[in-house]
Amino acid sequence: MAEALLEINNLRIEATVYAPGEKPRNAVIVDDVSLRLEPGKVMGLIGESGAGKSTIGLAALAYGRGGIRLSGGKIMLNGREIRRASSTELRGLRGREVTYVAQSAAAAFNPAKRLMEQVIEATLKHNLMPKTEAEARAVELFRTLSLPEPESFGQRYPHQVSGGQLQRAMTAMALCPKPDLVIFDEPTTALDVTTQIDVLAAIKTAIATSGVAALYITHDLAVVAQVSDEIMVLRGGQLVEHGTVQQIIEEPREDYTRALVSVHKIDHREKLPEGEPILRAEGITARYGAMNEDVLSDVSVDLYAGQTLALVGESGSGKSTMARVITGLLPPREGTLVFDGNPLPGALKDRSREELRQLQMIYQMADVAMNPRQTIATIIGRPLEFYFNMRGRERDARVQELLDAIELGEGYADRYPAELSGGQKQRVCIARALAAKPKLIICDEVTSALDPLVADGILKLLLNLQKREGVAYLFITHDIATVRAIADSIAVMYQGRVQRYGTKTEVLTPPFDDYTDLLLSSVPEMELGWLERVLEHRRMESAGN
Amino acid sequence: MHPIVKLVTQRLALGLLLLFAASVLIFLGTQILPGDVAQAILGQSATPEALANMRAEMGLDRPAITRYFEWLFNALQGDLGTALSNGRDITESIASRLTNTLFLASVAAVVSVPLAIFLGLFAVRFRDRWPDRLISAITLTSISLPEFLLGYIMMYVFAVKLSWFPSVSTINDSMSFLEKLNAVALPALVLTLVVLAHMMRMTRAAILNVMQSAYIETAELKGLRRFNVIARHAMPNSIAPIVNVVMLNLAYLVVGVVVIEVVFVYPGMGQYLVDHVSKRDVPVVQACGLIFATIYIGLNLVADVVSILSNPRLRHPK
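If you read the sequences in order, they're chains R and W.
For what it's worth, the UniProt record's numbering labels the leading residue of the first sequence as 1, then goes sequentially.
For what it's worth, the UniProt record's numbering labels the leading residue of the second sequence as 1, then goes sequentially.
To be clear, the hints were calculated from the coordinates, so they are not data collected in a lab.
Owing to the predicted nature of the structure, the values given are computational and were not obtained by experimental measurement.
Even for Gly, the Cβ is constructed at its ideal location relative to N, Cα and C.
It is possible that part of the hints are untrue.
To give an idea of the chain W side of the interface with chain R (calculated C-beta under 7 Å), a few residues [unchecked claim]:
#1 A40
#2 N209
#3 M211
#4 Q212
#5 A214
#6 K222
#7 A231
#8 H233
#9 P241
#10 R313
#11 H316
#12 K318
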């Protein structure tokens, strides 16, 4: 067995939690986790939020965010214990032996400094090479990572490059001091899928050429399967399973791993359009305020009663703007909306209370969509009072009915949003929308802030409710897997236009137009060698053209 | 046009407009006061005929708007009129007073601004530990004491007991720079103590505000020293609020030093203004008002422009 670069034994990490209204208490974030990483190898750390994966990643730099304490166990880096090293020793290894790539490069780069200065900063700080040499190395890394104009790229400021480029620049920053180990903490999570695939390929190439070892942290098993040699599955701060990539995705031993592998495998057979559409949007064109450009141009879609229409697209495609138009927050410049056979006024103030009631909305961030100072009963009860004038016992009974419908049951009515988990909060938002007995609910990225398993639960709930209540969903998402799970028909949006529109089978069956092809083929699949296959395929295609 | 040129030009134009409005207010303010210059010269017992003659002679019987523009254009050409009390040319008298005031303010600023910013950085470095608390306590105490009291305490300690500095800060043109510096040492020290707390606390708050950012963590994970992280990574992103509070305090050093000048008998603008207010010398009051307004607006303009320039998104658009 080769000598270990990083060896973590029985690591225990604790933090003091200051919950509102309670005494500060000690929480165990990571409990008894061990891992071993050899030089040049890539280990994937996977788990849902709260699994402690980022915390373990940062522990490899002996760093704890906020009040986190590395309270027990051993962290051996290059043969020496670093958990209890002095701050001088730690400064010596951070940025030299171990470097870090953060989730959001947009936030992790200093907006006031040029990229080059930041990329070579650690290299210069540790006196690893003279400035000219470091700059030459940075340019070389920019080239390896396929950044545009590598010679002058470093002269730009962070706001002058795109999100995907910034994430690659961050990788260059991590590799510049020739570290032994790089911690990648969800490096592609904040990116669009079509960007993610390029960044993923760039990172993989850079790791391979530099021979650096890496800890790759993500919640997306399909992504980590493309870059890692081994995978560790974590849950609630404990190790669930450890194995090679192949073993984990092909023969998972633990139930939890099996659940992660089979996530997004909801079998939903599409319903075909029938009768009159509940919502018909025709030729919608819209722009914001004084902008000179239309954000939506000539968008026409139909949504049928009791069915789901998915609007799919990347950031900036206009899908959320479409939701704003339908809800009346942004009156369209051109085009008409017909709701249940009657024309629907474009502006919110022109709509009747009845029209408002029939059209409800669920948001991406459940925690900011609820008043933190109101109880769940107040939150769900508000539409009952507003639309149906329900009070007292009648209202309470209906609130409980709705809580049952979202599978929360007894005892939740008197709680506050802060006492609920992310998935439970989103369920409450669903109950609030249902309380108005709407015919249409607009779901704006309702599962994107949730962990995959929790998101699956929400999708299943939405499907059940649709079957029971006959409500239609306009489902806005960037995630193709979610679309497959819930949609009856799909509109693919690109640069404010509908690129492709039809039933789910029609849209997801070839032949594709170029954009849909790019979009669909960029979604990571849970199999070995997927990344190489897609890239090879794309190379052949472009060579063929 | 580069967006930054446009923004800066806008600010400059706005500053000029503001200055114009201030001049109108100053002029109106002195007009509303009971009595006028003629009354002031001739005194309470003057006959109506004498007053009328005097007004005609001084042009005071013309409409206010005519007099305003005459005053403004003269002021723009550097002619601030003649003082009523002693008949001297105001521009000449003010020039030496203003020089003295600016000298005192500069000495106080050169000490207090770097010190406040350094203490701010230092307080962030040792946040919630004893150096931070000590700095907070001392600066808070100094800002809580009235200026004159602080002035007399300094005078008692450093002039009377220790005899390090003179208690009266008289200066004249024949003194060397060092002699002048020695003369203003005590008032400059008091002013420093007065403005230090405000600037230091704002610096601390502005930097703490960006210390939560992800790029601070990035810098720490590069192995940088904590003080370097604060000074090189946090500070450049909090320049705008810091510059604003610094300029506000610099303005105070110029226009708000009346009390200190009186305590140390320093021949500056503040004393000059107070003397002539008590003598109802309207042209001098107007002139002082105009100069104070110019300095105040000018310094805030500088703060605005520096804030704009410190934003890389504006300096380097996409």
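Each hint tested on the structure:
1. A40: Violated, about 55 Å.
2. N209: violated, 14 Å
3. M211: Result: violated, 12 Å to nearest chain R Cβ.
4. Q212: Cβ of Q212 (chain W) sits 10 Å from chain R, so the hint is violated.
5. A214: holds, 4 Å
6. K222: Status holds, d = 4 Å.
7. A231: Not OK, violated: A231 (chain W) not within 7 Å of chain R, min 12 Å.
8. H233: Interface hint status for H233 (chain W): holds (5 Å vs cutoff 7 Å).
9. P241: violated, 14 Å
10. R313: With Cβ-Cβ at 5 Å, under 7 Å, it holds.
11. H316: holds, 5 Å
12. K318: holds, 6 Å
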